[in-house]
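S.K.: Read top to bottom, the protein sequences are chains U and P. If you read the first sequence in UniProt numbering, its first letter stands for residue 1, the second for the next number, and so on. If you read the second sequence in UniProt numbering, its first letter stands for residue 1, the second for the next number, and so on.
Rather than coming from a laboratory, the hints here were simulated on the basis of the structure. A virtual CB, placed ideally from N, CA and C, is assigned to each residue, including glycine. There's no promise every hint is true.
[Stated by the list, open to error] In silico DMTMM-like pairs for lysine to aspartate or glutamate, Cα to Cα no more than 20 Å straight-line: (1) 73(U) / 236(U); (2) 112(U) / 22(P); (3) 91(U) / 297(U); (4) 199(U) / 117(P); (5) 216(U) / 192(U); (6) 73(U) / 258(U); (7) 181(U) / 119(P); (8) 181(U) / 185(P); (9) 182(U) / 22(P).
[To be verified] Okay, the calculated beta carbon distance ranges per label pair: (10) 66(P) / 111(U): 43 to 53 Å; (11) 111(U) / 22(P): 19 to 29 Å; (12) 112(U) / 198(P): 55 to 65 Å.
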Amino acid sequence: MNRRTLLGGLFAAASVPALAACSGGITSLNESSGSTAGGGSSKGGITIGTANFTENQVLGYLYAAVLQQAGVKVKVRPNLGTREIVIPALKAGDIDLLPEYQGALLNYLAPKDASAEPGTMQNALTLALPAGLQVLPYGQAADSDCFVVTRATARKYGLTSLADLAGQNGKLVIGAAPEVKKRRVGAVGLQEVYGVEFKEFKSLDSDGPLVKGALKKGDVDVANLFTTDTDIAANDWVVLTDPKNLIPSQHIVPLIADRKADDTVRKALARLGNVLTTDQLTQLNSQVDNDKKDPEDVAAAYAKQHGLA
Amino acid sequence: MFELFKNLGTWLTSGSQWAGQDGIAHRLGEHLQYSLLATLIAAAIGLPLGLLIGHTGKGAFVAINLASFGRALPTVGLVVLVFLAGGLSMLPVYVALVALAVPAIVTNTYAGMTAVDPDVKDAARGQGMRGHQVLLQVELPLALPLIMTGLRLALIQVVATATIAAYVSFGGLGRYVFDGLAQRDLVQVLGGAVLVAVVAVVLDLLLSSLQRFLFRHRTA
């Protein structure tokens with residue numbers, strides 16, 4: 001490469017952020033130090049991070065697929081860790097975009113906020129987020145906590161909703177992760193909102209082999225699982241309905257750094273949010289967990305099939 | 001940091017923290033119960049086995065390697081495995097704790113037996129002692145210090161590991177560690193950990209003074 005082409009390349013590379021910055025009314029040439037007041041730009045590419053569980057990785061690759069289709073250069077950094085790791089990474093600029101869940105994110109940012117309805121939660125999130133970060137419109141798919149019983153237990157006690165549990169006070173044993181004992185979306189809220197008193201609380205794991213094994217074997221009557229768990233349908237377990245909206249909405253919501261949030265990104269992710277349903281997401285999770293497929297392939301196939309990529 | 005230790009002090013000393021179903025006194029009792037029972041079962045298995053292979057010199061290779069294999073078993077994995085096979089009870093916890101304690105007891109008992117001077121055993125036989133007399137009256141007393149060390153080692157490991165009972169919904173001091181981690185209550189986690197450490201150290205000191213008392217007439 002001779003000097004002229006090298007210089008030309010440098011000029012071209014430098015002019016992209018400069019143009020983007022001008023359109024936002026910012027004069028700085030350096031993108032990362034630019035103010036975020038006028039909205040960001042995805043022209044320099046976007047790095048998507050994901051947390052350390054299957055569904056979040058599937059979502060990350062789905063984001064990647066739709067953004068690529070929209071002409072954005074993307075890089076995925078999967079399996080980074082828990083919220084305690086990925087959110088600081090987002091703030092620090094190591095990653096730019098993250099698939100999140102309304103309720104869980106709000107609980108992380110503002111533990112005392114008791115909003116449960118998706119619209120209110122979206123506002124609460126906007127208020128609670130630190131400067132430089134924003135949430136984009138939430139999608140229709142959701143992965144929330146749920147309380148399930150076996151078909152036999154449901155029949156025996158006539159259970160269809162959480163309210164029915166109060167009719168069996170002192171008889172049923174609940175199994176859940178230890179934190180659920182003290183959580184509002186757990187023993188505390190069930191008591192407050194529905195007046196439910198369990199015979200015993202068994203501290204097990206969070207939608208893992210222990211709690212599911214205990215439910216299967218009848219060691220617990222009620223188990224706290226997640227709605228996108230394919231084992232619920234596979235075992236014909238009954239998800240108890242929540243007529244009084246105790247369980248906050250957990251719609252999937254893109255969390256993005258202001259510096260990268262432009263119209264292209266917003267529209268691409270909104271399109272995905274409109275198409276992807278909870279059932280479909282459950283199926284995608286199952287393809288990765290049960291059929292041992294690669295999350296990237298699963299996401300790409302879905303995006304293609306639904307005209308998103 | 002200072003704040004944390006101050007809170008830890010408050011947690012450990014407040015009367016309400018010691019009382020009730022989730023109180024320290026009750027959890028401590030549970031922890032001791034799990035640990036002592038598991039160590040007793042392990043001793044009932046490990047002592048005869050170690051004495052037998054030490055006395056006869058047969059099967060040592062197999063037994064010692066099996067014991068090393070037992071040491072390498074991941075305790076939590078074993079708990080989950082037995083749980084999935086048999087359901088929710090204390091059985092998975094005891095199986096895992098016993099599997100952890102047996103190797104230390106077997107290997108130390110065997111080591112104690114092999115350390116007995118062959119000339120002494122020869123002399124005993126020469127005086128007309130029978131096999132079981134040699135074992136009980138000569139080998140066992142001489143091997144006892146190392147056997148006790150094995151038991152102490154096993155008990156310490158079991159006390160430290162009995163926290164996993166809380167993993168499958170039961171009690172003990174592990175309750176504080178697991179609940180504290182899940183509820184992001186660092187003081188509770190630390191409190192539980194400190195208590196486990198204190199129990200382990202105190203039990204070890206008790207056993208070592210017992211050992212010193214028993215062998216007070218011995219010179220070596």
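S.K.: Each hint should be assessed against the structure and marked as holding or not.
M.R.: The hints, checked one at a time:
1. 73(U) / 236(U): With a Cα-Cα distance of about 43 Å, the restraint between residue 73(U) and residue 236(U) is violated, given a limit of 20 Å.
2. 112(U) / 22(P): The hint is violated at about 25 Å.
3. 91(U) / 297(U): Not OK: residue 91(U) and residue 297(U) at ~29 Å, beyond 20 Å, violated.
4. 199(U) / 117(P): violated, 61 Å
5. 216(U) / 192(U): violated, 28 Å
6. 73(U) / 258(U): The hint holds at about 17 Å.
7. 181(U) / 119(P): Violated, at roughly 64 Å.
8. 181(U) / 185(P): Since the Cα atoms of residue 181(U) and residue 185(P) sit roughly 13 Å apart, the hinted pair holds (cutoff 20 Å).
9. 182(U) / 22(P): Satisfied, since the Cα-Cα distance of roughly 13 Å is no more than 20 Å.
10. 66(P) / 111(U): 43 to 53 Å: holds, 50 Å
11. 111(U) / 22(P): 19 to 29 Å: The hinted range 19 to 29 Å holds for residue 111(U) and residue 22(P), with Cβ atoms some 22 Å apart.
12. 112(U) / 198(P): 55 to 65 Å: violated, 35 Å
Of the numbered hints stated above, those contradicted by the structure are hints 1, 2, 3, 4, 5, 7, 12, listed in ascending order.
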